[in-house]
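*Asks:* Just so you know, the sequences run in chain order A and B.
Using my numbering, the first residue of the first sequence is number 1, and each one after it goes up by one.
Using my numbering, the first residue of the second sequence is number 1, and each one after it goes up by one.
Please note: incorrect hints may appear among the correct ones.
Looking from chain B toward chain A, a few residues come up when the C-beta cut is under 10 angstroms (computed) [as the list claims (entries may be wrong)]:
id	residue
1	R26
2	W69
3	A72
4	F135
5	A143
6	L169
7	S188
Distance ranges between label pairs, derived from CB positions [what the hints assert, rightly or not]:
id	chain 1	residue 1	chain 2	residue 2	range
8	B	W412	A	D459	56 to 62 angstroms
9	B	A38	A	V438	31 to 37 angstroms
10	A	V453	B	M382	52 to 58 angstroms
11	B	A45	A	A341	49 to 55 angstroms
12	A	G392	B	S28	52 to 58 angstroms
To give a feel for the contact side, a few chain B residues facing chain A, derived at Cβ under 8 angstroms [what the hints assert, rightly or not]:
id	residue
13	F149
14	F173
15	A180
Think of the hints as simulated: they come from the structure by calculation, not from any bench.
Glycine included, every Cβ here is placed at the ideal spot set by N, Cα and C.
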Amino acid sequence: MSWQAVLMAMLPEHLLLGGIVALLALEIASVRARGAFTLALFATTAAAIAALWLHATGYTAAPFPDHYVVTPAASLAKFVLLALAVPVILLSRDDFSDSRYFALLLSSLYGACLLTSSASFQTLFLGLEIMSLPVYALVLLGFQRPESAEAALKYLVLGGTATATFLLGASFLYGASGTLSIAAFAAALGATDPIATTGAALVVAALFLKAAVVPLHAWAPDAYETASVPVTGYMATVVKAAVLLTALRLFGSAPVVQPVTALVAILPLASMVWGNLAAIRQLSFRRMIAYSSIAHAGYLYFAFLGAGAGRYQAIMFYLAAYGVMTLLAFTALPSGADDAAHDRLQSFEGLFHRRPYAALAIALAMLSLAGLPPLPGFIAKFLIFRNVLAAGHTMLAVLGLVASYLGLYFYLRVIQFMFMQGAAPGAVEDGSRRLAWVAGAVCLIPAIVIAIVPGWLLDRL
Amino acid sequence: MSDATLLNAVLWLPIAGVLGIALLPRGSDAGTRALSFAVVAAQLALTAWLFVRFDGAVPGLQFETRIPWIHAWGVEYRIGLDGFNVLLVALTTFLGPLVVAGTVTAVRRDVELFHAMLLLIQFAMLGALLAQDLFLFYVFWEAMLIPMFLIIGIWGGERRIYATLKFVLYTAFGSILMLAALIYLVYSLPRTGGPPSFAFEDLYRSTLPAGVQNWLFAAFALSFAIKVPIVPLHTWLPDAHVEAPTAGSVILAGVLLKMGTYGFMKLGIPLFPVAARYFTPAIMALAVISILYGACLALVQTDIKKIIAYSSISHLGYVMLGLVSASLLGIQGAIIQMVSHGLVAGGLFLMVGMVYERCHTRELSDYGGLARLLPVYSVFFMILTLASVGLPTTSGFTGEFMVLMGAFDAAWPQFQHGHVAPLVLSASAVLGVVLGAWYMLWFAQRFLFGAAHAPHQPLADLGRRERLILAAIVVAVFAIGLYPQPLLRKTELAARQYQEFLLGDRTAEARP
Chain A
1 MSWQAVLMAM LPEHLLLGGI VALLALEIAS VRARGAFTLA LFATTAAAIA ALWLHATGYT
61 AAPFPDHYVV TPAASLAKFV LLALAVPVIL LSRDDFSDSR YFALLLSSLY GACLLTSSAS
121 FQTLFLGLEI MSLPVYALVL LGFQRPESAE AALKYLVLGG TATATFLLGA SFLYGASGTL
181 SIAAFAAALG ATDPIATTGA ALVVAALFLK AAVVPLHAWA PDAYETASVP VTGYMATVVK
241 AAVLLTALRL FGSAPVVQPV TALVAILPLA SMVWGNLAAI RQLSFRRMIA YSSIAHAGYL
301 YFAFLGAGAG RYQAIMFYLA AYGVMTLLAF TALPSGADDA AHDRLQSFEG LFHRRPYAAL
361 AIALAMLSLA GLPPLPGFIA KFLIFRNVLA AGHTMLAVLG LVASYLGLYF YLRVIQFMFM
421 QGAAPGAVED GSRRLAWVAG AVCLIPAIVI AIVPGWLLDR L
Chain B
1 MSDATLLNAV LWLPIAGVLG IALLPRGSDA GTRALSFAVV AAQLALTAWL FVRFDGAVPG
61 LQFETRIPWI HAWGVEYRIG LDGFNVLLVA LTTFLGPLVV AGTVTAVRRD VELFHAMLLL
121 IQFAMLGALL AQDLFLFYVF WEAMLIPMFL IIGIWGGERR IYATLKFVLY TAFGSILMLA
181 ALIYLVYSLP RTGGPPSFAF EDLYRSTLPA GVQNWLFAAF ALSFAIKVPI VPLHTWLPDA
241 HVEAPTAGSV ILAGVLLKMG TYGFMKLGIP LFPVAARYFT PAIMALAVIS ILYGACLALV
301 QTDIKKIIAY SSISHLGYVM LGLVSASLLG IQGAIIQMVS HGLVAGGLFL MVGMVYERCH
361 TRELSDYGGL ARLLPVYSVF FMILTLASVG LPTTSGFTGE FMVLMGAFDA AWPQFQHGHV
421 APLVLSASAV LGVVLGAWYM LWFAQRFLFG AAHAPHQPLA DLGRRERLIL AAIVVAVFAI
481 GLYPQPLLRK TELAARQYQE FLLGDRTAEA RP
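Given only the sequences and the hints, what does the whole structure look like? Please build it.
*Replies:* In structure tokens:
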């Protein structure tokens with residue numbers, strides 16, 4: 001493979017890498033300016049455009065055969081991840097001004113991009129770790145609350161467990177098939193060899209942990225609550241999406257058979273039920289979103305019950321719809337010095353009268369996450385459950401839909417606080433982030449497009 | 001412009017209105033009201049034109065628009081008027097201006113958001129009525145929830161949050177099962193290559209085995225029955241009605257409840273005829289229970305809004321009874337009863353709102369002798385009460401009488417074959433008329449007559465705006481009562497088509 005091809009195929013990654021190097025140079029030169037923000041925004045946007053371009057031109061290459069491949073689907077996945085990172089960076093401007101933060105964020109994105117193109121367990125492992133390690137630091141970086149340290153440690157330990165489980169699973173698969181290509185995973189799904197099946201189950205368990213599926217979800221509420229707003233947004237959307245895209249790469253379009261079916265049916269179902277029920281009791285917005293994201297991880301993994309092209313379509317659409325709507329809510333969140341006070345759901349009371357546009361944006365996001373039409377979340381939910389039904393799992397689909405109904409209440413409760421109640425006495429003053437409206441527009445415009453013409457996106461998946 | 005374009009204009013005008021409200025400067029309440037009224041009035045004018053142009057002798061859809069929406073799934077944006085929805089579309093657009101005009105003095109808080117929500121629910125209701133594609137229908141059906149959630153929750157009474165959450169959680173539970181059934185239905189149909197079809201007319205042709213039909217029908221019926229509501233799924237209704245602001249109550253009683261009966265007529269029964277026949281006795285029994293139970297509960301209420309809320313349950317029981325009677329008379333009666341109830345209950349809720357604005361209480365015992373204090377008000381109230389009771393020459397009589405005639409019509413041959421139950425049920429439904437006269441007249445007696453006392457005297461009688469609103473309703477009530485022929489002609493073909501669905505191959509089944 002010639003170096004030009006390597007340059008071309010990995011263009012999004014190279015742009016990110018360029019950004020990281022420049023950011024580190026800034027850090028060493030200790031230039032304290034807005035330069036870091038602009039640089040990160042520029043590098044990420046350029047990488048996203050490059051990924052979209054590779055997708056649009058149908059670029060296919062294998063710069064490192066059997067390890068790293070570029071396909072239009074992989075480029076599209078990269079584009080989704082990088083595009084979701086853009087509003088995150090816009091939101092970060094007020095909370096983080098140093099280049100360390102952006103260097104870590106871009107490194108994590110680099111890992112996420114690597115994941116979507118990986119063809120062997122080595123690359124997959126590299127991607128997973130490059131993506132995860134900076135996030136442990138990011139949770140801690142704002143250090144707005146003493147609990148951040150505890151949450152970051154919890155996340156680190158459980159993330160490490162996931163890594164170990166993943167490696168163990170990969171080694172089992174290697175033992176059974178003699179290859180480290182990710183095709184071994186799909187083959188193991190249909191195998192009767194207990195070693196192969198165990199390997200597949202272990203890998204799935206690791207991915208469950210990374211995406212916070214019950215009962216491997218305990219790290220998420222703490223990490224989401226105590227990290228700063230942009231970092232939580234990043235974890236809830238980009239990291240979750242990257243893990244799901246990894247699962248998508250592993251599973252491909254192969255049908256799942258027992259006992260893996262039980263694994264991707266029961267735990268995600270438990271995730272939906274528990275995530276939605278536990279969210280009802282939360283007093284903090286980000287903690288509630290953490291439980292909501294646990295439930296959404298459940299819906300996403302449910303899509304694996306259905307095989308074929310529908311699975312890819314459902315997951316990609318869901319990730320896009322879920323990502324933009326979750327980030328839309330985050331862009332509208334109030335900002336201020338006392339992070340914990342601003343995060344309390346109680347501080348949302350009467351928000352409509354103080355900041356009507358923010359309240360409307362959060363309301364739209366909540367309704368979409370609840371899966372109500374005509375918002376994009378509905379079409380995403382429809383796709384998932386259509387797939388599950390088409391695969392013949394009628395009972396599971398009905399149970400999943402009922403579980404999604406359980407989630408309606410806590411989303412509506414946020415709207416109730418914002419619209420139907422007056423502000424509590426002694427409510428905290430809230431302002432918005434300076435670039436929030438830009439970030440909001442970046443999320444809202446695609447959301448409107450996929451709500452009105454979902455067919456346009458579906459035809460491209 | 002073609003008539004199809006006009007029908008699209010009727011549907012989409014509210015969205016234009018919402019965008020207009022968003023563009024108005026903040027705090028321009030008068031502008032918001034004027035803009036909203038202009039939108040709903042334009043809708044009414046266009047609908048009146050289309051209503052006249054609608055030809056009852058032509059089967060199938062008229063003024064149809066058909067554009068692919070989600071190509072990959074075979075989902076279309078497909079709307080049109082037919083005998084099923086034409087009257088309800090007319091009713092919806094007729095009530096629109098009355099609701100907007102009726103809130104001028106009632107809503108003073110967050111006026112922009114309120115009118116935006118009114119327009120959005122108008123959009124969603126019309127969309128659900130006009131949709132001829134199951135996916136599109138479901139989108140509109142669910143979209144009705146959120147505006148009503150906010151209308152009750154923001155501008156409602158003391159226990160508004162409880163009431164509105166109860167309303168949403170009840171209705172959404174039905175919808176979620178309907179969604180499962182919808183997906184199952186569409187993707188279980190045999191396909192000849194290409195994407196599946198969500199069009200009603202294609203789905204009507206489905207022939208699923210009886211066992212599957214029963215499950216799917218149960219899911220659809222549950223969703224519709226909650227909306228109607230049929231006893232025992234009715235408990236959300238009194239709370240929602242009592243706590244809702246006047247406009248919310250009028251929309252609920254006027255149109256939203258009819259969505260349930262419309263759903264049975266347009267979807268539930270035609271899509272799953274075998275299951276519908278299987279469940280007919282059960283639905284009939286529940287309809288009669290709704291009639292009687294609703295009436296009994298209305299009898300003992302002390303809150304004037306609750307009396308009308310429970311009377312709605314009773315009146316919609318007649319609609320359900322007519323719909324499953326399988327006689328043409330009963331089906332047409334059910335359609336008339338839907339319109340009549342929309343006008344009468346809508347009008348009564350408006351009137352309760354008017355007196356509430358003056359006295360700020362809904363306790364019946366606080367009132368008495370309004371006939372002397374508010375003479376004009378009392379005349380209108382008495383007319384609507386009598387229409388609700390079903391006095392001949394009012395629309396209430398036409399609807400209930402036709403339903404009961406139809407029910408007997410259908411029950412008698414069955415009685416001759418030894419089936420007693422339908423006849424007993426039909427006879428019990430007649431008892432509902434007696435109970436209806438009892439609770440409504442007793443209510444009117446305590447409310448309007450007797451010793452003259454009301455809180456916050458002296459009271460101003462109805463102003464010109466209020467008189468015009470009520471006069472419009474009263475004229476419509478008498479028009480339908482005296483000369484229902486035009487309405488019957490426009491819906492007859494649809495009623496026949498529906499009857500065929502319900503009877504289906506009953507003759508074929510009877511054959512050896």
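*Asks:* Using 10 angstroms as the Cβ threshold, decide whether B/F135 counts as touching chain A.
*Replies:* Interface hint status for B/F135: holds (8 angstroms vs cutoff 10 angstroms).
*Asks:* Can B/W69 be said to touch chain A, with a Cβ gap under 10 angstroms?
*Replies:* 6 angstroms, holds
*Asks:* Next item in the hint list is B/A143. Is there a CB on chain A closer than 10 angstroms to its CB?
*Replies:* 6 angstroms, holds
*Asks:* Given a cut of 8 angstroms on the nearest C-beta pair, is the interface hint for B/A180 held or broken against chain A?
*Replies:* 5 angstroms, holds
*Asks:* Range first: 49 to 55 angstroms. Now tell me if the beta carbons of B/A45 and A/A341 are that far apart.
*Replies:* With Cβ atoms ~53 angstroms apart, the hint holds.
*Asks:* Any CB of chain A closer than 8 angstroms to the CB of B/F173?
*Replies:* This hint holds: B/F173 lies near chain A, its Cβ roughly 6 angstroms from the closest one there, short of 8 angstroms.
*Asks:* So, B/L169 near chain A? Judge it on the closest CB pair being under 10 angstroms.
*Replies:* Where the cut-off is 10 angstroms and the nearest Cβ of chain A is about 7 angstroms from B/L169, the hint holds.
*Asks:* Verify the CB-CB distance for B/A38 and A/V438 against the hinted window 31 to 37 angstroms.
*Replies:* Holds: the Cβ-Cβ distance is about 35 angstroms, inside 31 to 37 angstroms.
*Asks:* Could you check the hint for me, namely that A/V453 and B/M382 are 52 to 58 angstroms apart, CB to CB?
*Replies:* Holds, since A/V453 and B/M382 (Cβ atoms, about 53 angstroms apart) stay within the stated range.
*Asks:* Could you see if the CB distance from A/G392 to B/S28 stays within 52 to 58 angstroms?
*Replies:* 56 angstroms, holds
*Asks:* Does the interface hint hold: is B/S188 within less than 10 angstroms of chain A, judged Cβ to Cβ?
*Replies:* Hint holds; B/S188 Cβ to chain A Cβ min 9 angstroms, cut 10 angstroms.
*Asks:* Can we keep the B/F149 interface hint, with Cβ of chain A closer than 8 angstroms?
*Replies:* 7 angstroms, holds
When held up to the earlier numbered hints, the structure conflicts with none and fits them all.
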